[in-house]
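Visitor: Residues per chain, in single letters:
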Amino acid sequence: MSEHIVPKSTYYAIFLALMVGTAATVGAAFVDLGSLNTVVALAIAITKAALVVLFFMHVKYSPKLTWLVVIGSIFWLLLLLGVTLGDYMTRSWGTYG
Amino acid sequence: MLADAVAHTEHQHHPALAHHFDSLEEQQHASVLGMWLFLVTEVLFFGGLFLAYAIYRSWYPLAFALSSNELDITMGAANTAVLIASSLTMALAVHAAQSGERNKLIAFLILTMILGAVFLGVKGFEYADKFEHHHVPGPFFHFEPIAEARHAQIFFSLYFVMTGLHAIHMVVGLGIMTWMLVWSINGTISKEYASPIEISGLYWHFVDIVWIFLFPLLYLLGRHLHGGA
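Chains as they are written, first to last, in our numbering: chain A, 38 to 134; chain B, 12 to 240.
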């Protein structure tokens, strides 16, 4: 098999980065950044998710077809979120419930 | 039939290689791709819930912040660490499988399962606490201040559906790990045929990623009530 075996040292480094990210997200939540709190929390979460996808899930070392599927999933998710939120946030129909 | 049988005995190949693939490498690429396609559907499955969360939170920022403060940050953060650790042991299990280190593979799979079980145990304590404080949506729901109770119930509905669906994924993950453990012990998994461990790992890491988003969005949003939603 010619598959790429990711060295263990990479896994340990990513694990450390994810733990630091978790501490950072908890720490940032206690600092009042106004509406930026959510932006910071999401930025850290997206960074952590990217590390998991690229290294733990081996996408960095995967064929282009795998990249295409991963990017496709992000594209469809953004379409789902973007189009629906764009609709809800731009109408003056108020709230329900 | 006979020709087939003869061809089969003459043509030596790895027992794990299915006939419609030319090589184990091609088979491995196909199974990884298939798992990723499944994960795309999972991204959209959870995506719909995150969307509902975003809309309701934008409508009821105060109720969401107050409700979020009822969740236990320590337990949530500890569980995040547990899940990240389980992703590390899962990644090390894949490494052991690809290197043909069977004993290490078995050990890391068991460790991953233990960490997964710890996560579910902590979640169980948290759920029990919600029942005690009447924070479970339904006729016995109670929330102070009363004025926000109706909208707080929406937060807790989303909390239970999102973390519940995530927990179900964890239970399924534990089932898959049990299956992989059996295959590792009985020798089905080898250095040449490690892809079942690899794609099980993809699933496990995906469930970890969902939690990476759930934790800050559910537990950490209400620290500064005046600071906007």
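Calculated from the structure, these hints are not laboratory results. Check before you lean on any hint, since a few could be wrong.
Under the rule of at most 20 Å between Cα atoms (straight-line distance), these lysine to aspartate or glutamate pairs were calculated in the EDC-like manner [unchecked claim]:
1) K115/B - E209/B
2) K101/A - E155/B
3) K45/A - E37/B
4) K101/A - E112/B
5) K45/A - E53/B
6) K97/A - E36/B
7) K45/A - E137/B
8) K97/A - E112/B
9) K202/B - E81/B
Visitor: Now tell me, hint by hint, if it's right for this structure.
Guide: Hints, one by one, checked against the model:
Distance restraint check for K115/B and E209/B: the Cα-Cα separation of roughly 15 Å lies within the 20 Å cut-off, and the hinted pair is therefore satisfied. With a C-alpha separation of about 53 Å, the suggested pairing of K101/A with E155/B is violated against the 20 Å cut-off. For the suggested pair K45/A and E37/B, the alpha carbons sit about 25 Å apart, so the restraint of at most 20 Å is broken. Between K101/A and E112/B the alpha-carbon distance is near 29 Å, which puts this suggested pair outside the 20 Å criterion.
Annotation: proposed proximity of K45/A to E53/B is violated, straight-line Cα distance about 28 Å (limit 20 Å). Restraint check for K97/A and E36/B: the C-alpha separation of about 17 Å stays at or below 20 Å, so the hint holds. Of the supplied pair hints, the one linking K45/A and E137/B is violated, its CA atoms being roughly 34 Å apart against a limit of 20 Å. A distance of roughly 24 Å separates the Cα atoms of K97/A and E112/B; the hinted pair therefore is violated under the 20 Å criterion.
Under the criterion of a C-alpha separation no larger than 20 Å, the hint pairing K202/B with E81/B is inconsistent with the structure, at around 48 Å.
Going through the hint list in order, the structure does not satisfy hints 2, 3, 4, 5, 7, 8, 9.
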